[in-house]
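Could you build the full structure based on these sequences and the hints that come with them?
If you read the protein sequences in the order shown, they are chains A and B. Residues 1 to 299 in this note's numbering are what the first sequence lists, from first letter to last. Residues 1 to 305 in this note's numbering are what the second sequence lists, from first letter to last.
It should be emphasised that the hints constitute simulated quantities derived from the structure, not laboratory data. Wrong hints could be hidden among the right ones.
[Said to hold, decoys possible] The calculated label-pair distances, taken between Cβ atoms and stated as ranges, are:
1. B:296 - A:23: 54 to 62 Å
2. A:14 - B:4: 13 to 21 Å
3. B:204 - A:116: 51 to 59 Å
4. A:57 - B:63: 44 to 52 Å
5. B:4 - A:181: 21 to 29 Å
6. A:280 - B:118: 38 to 46 Å
7. B:198 - A:261: 15 to 23 Å
8. B:115 - A:287: 44 to 52 Å
9. B:113 - A:54: 31 to 39 Å
Glycine residues also receive a C-beta, built at the ideal position from the N, C-alpha and C atoms.
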Amino acid sequence: MISVNPGSELKEKVTSSIFIGAATISSLLLLAMLLFLLRESWPIWSQVGITGFLGGAVWRPVITPPQVGIMPMLVSTLWVAGGALLIAAPMGFGCAIFLAEFAPVPLAALLRPVLNMLTGIPSVVYGFLGAAVLVKFFEVKFDLGSGESLFAASLILAVMVLPFIVVNSETALRSIAPEYRYAGIALGVSRQYLVLGILLPLARKGMLGALALAFGRAMGETMAVLMLAGNTLKLPVSWFAKGEPLPALIALELGSATPGSTHYQALFAAGLVLVLMVIAINLGINLLLHRLQKGVNSV
Amino acid sequence: MRRKTWLTVLLVSILSLCSLAGCAGDKQEGEKEAAPEKTTASIKIGGSSTMAPIIAKCADNFTEEFKTWDKVDAGFPEEPIVIFVSTGGSGFGLKSAVDGTFDFGMVTKDLNDEEKEQFANGTITQLGSDVLDIGVNSANPVAKVKPNLTTEELVAIFSGKTKTWKELDPALSDRPIVIAVRDLGGGASEVFDKAVMKGTPISPEALQIPSMGALAGKIMDNADTIGYVSSGLVNQNPDKIIPLSVDGIAPTLENISSGQYKIGRPLLLVSKDKPDDRTQKFLDYLQSDKGIEVVEEMGYIPVSR
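What follows is the structure, given as structure tokens:
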């Protein structure tokens with residue numbers, strides 16, 4: 001490196017090593033957390049085994065001998081998060097396209113901060129509103145015994161992850177090189193075709209990334225599902241059945257589990273499974289995006 | 001190449017720092033054990049969410065009445081009274097009392113011998129009992145048609161065998177019974193299991209509610225719900241929740257004091273070491289008439305003196 005004065009090379013080295021240090025410490029923190037979870041839950045993995053724990057359908061950790069199987073909770077987690085995406089993705093993508101392409105500037109300037117504010121509302125408030133309003137609404141409207149269900153949880157989760165999808169998708173759309181728009185205008189295609197046929201495929205990577213972020217967020221959300229999913233131990237058979245996603249299981253039972261007991265270790269094992277699932281989703285989507293990038297890339 | 005060596009040096013130094021930190025941690029804990037006297041004037045209490053409102057109210061009253069420690073007893077310094085009360089569950093209260101995070105742990109379940117041993121050098125104080133009533137919504141006709149349930153009927157309902165109100169009694173409606181319970185590893189659940197279910201598993205369709213308050217709320221909101229509710233909450237909402245009798249015994253004060261109504265759990269304060277003078281004063285306050293008044297006010301049963 002050609003240095004202008006003798007001091008700047010040292011300064012560069014120092015600052016770059018500070019940044020490297022910070023990045024290394026962050027990665028080490030994640031690793032340390034995973035190792036801690038593994039250590040606390042190790043007896044479960046060695047005694048019950050991975051298939052036994054993940055595939056077991058009975059969760060009764062306080063009887064002797066304890067039975068720990070989280071299959072119903074795994075299914076509930078995936079169903080609730082998947083359902084939330086199913087509801088939020090069309091709305092989110094539509095909103096992003098509207099904000100990026102069609103919205104008049106004053107309207108967009110109003111909508112964006114409002115959407116951002118949705119992320120600021122604490123999740124317990126969402127849960128509380130859902131429990132007070134949504135559950136009662138389902139009970140009255142559909143004459144159910146009780147209004148809690150995976151669908152109610154998915155609905156609230158959809159509202160919570162909507163801002164993530166909108167913001168990330170809009171960024172992806174905005175960062176497409178303007179040449180594509182000019183080419184479209186020059187060729188005289190309609191606005192709709194320009195957006196749906198040209199810009200959306202180019203923004204695929206960013207939008208899929210938004211979906212992955214939203215899915216990870218929805219899987220890990222605790223307070224809202226704790227109050228809305230019903231927390232039953234039965235395997236849910238439909239979207240409108242009740243279930244108990246993994247974060248709700250951990251939040252509900254960790255306070256009363258005696259440390260060191262099988263119950264405690266099983267809850268840590270469930271936590272490890274949850275973290276690994278979120279990491280797997282993120283890694284999977286990144287791999288998928290890498291392969292997509294082989295096509296036309298601009299984002 | 002330079003970067004790689006630099007990265008290796010960084011990682012090695014971080015790892016060695018971590019292991020050194022581990023050594024320091026043990027030493028610090030050892031020192032903490034050796035010094036029994038607290039130098040700060042704050043009392044930390046945490047654990048069961050059922051007891052937290054009682055202790056918090058007593059703490060508020062105590063602080064307001066005395067404000068500084070020298071007014072409690074002239075021998076104490078003039079320091080403001082600071083008492084922290086937090087929740088986290090009985091299990092958390094037990095654990096934190098043992099490892100010293102809290103001065104007192106609030107526990108609402110019977111302690112087994114192993115757990116009692118951990119507090120052999122400290123104190124286990126019972127402030128009262130929390131009785132679990134079997135509660136139904138006031139709009140539910142069962143309160144008039146069948147206000148008494150036998151233990152067998154209760155087991156059948158809570159295990160899921162009796163699925164609709166009509167199966168319980170033909171005069172009731174054909175609506176499904178919504179079972180509300182607390183989390184199945186928790187204190188309230190354990191009490192109910194020992195007194196009623198006796199090993200029969202609760203129906204997998206039962207709703208597990210995170211807190212007693214929310215459970216009472218579910219019964220008040222939903223006319224088809226049945227669940228076990230803390231008697232304190234029932235007494236606070238007399239026109240919304242109706243308690244049912246079990247085996248002919250109603251959850252009245254006489255039946256609870258005499259021990260005839262069996263579904264209950266003790267309200268315990270546990271501490272690992274003997275409390276120091278100031279903390280002992282607060283403990284005395286809790287057991288005095290003023291503390292008993294608060295326990296009764298919240299609807300719980302004070303321990304008879």
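Results for each hint:
1. B:296 - A:23: 54 to 62 Å: With a Cβ separation near 59 Å, residue 296 of chain B and residue 23 of chain A satisfy 54 to 62 Å, so the hint holds.
2. A:14 - B:4: 13 to 21 Å: Hint holds: Cβ distance 18 Å, inside 13 to 21 Å.
3. B:204 - A:116: 51 to 59 Å: Hint violated: Cβ distance 41 Å, outside 51 to 59 Å.
4. A:57 - B:63: 44 to 52 Å: Holds, since residue 57 of chain A and residue 63 of chain B (Cβ atoms, about 51 Å apart) stay within the stated range.
5. B:4 - A:181: 21 to 29 Å: 44 Å, violated
6. A:280 - B:118: 38 to 46 Å: 40 Å, holds
7. B:198 - A:261: 15 to 23 Å: At 21 Å between Cβs, range holds.
8. B:115 - A:287: 44 to 52 Å: For residue 287 of chain A against residue 115 of chain B, whose Cβ atoms are near 49 Å apart, the range 44 to 52 Å holds.
9. B:113 - A:54: 31 to 39 Å: The hint (31 to 39 Å, Cβ to Cβ) holds, given that residue 113 of chain B and residue 54 of chain A are roughly 36 Å apart.
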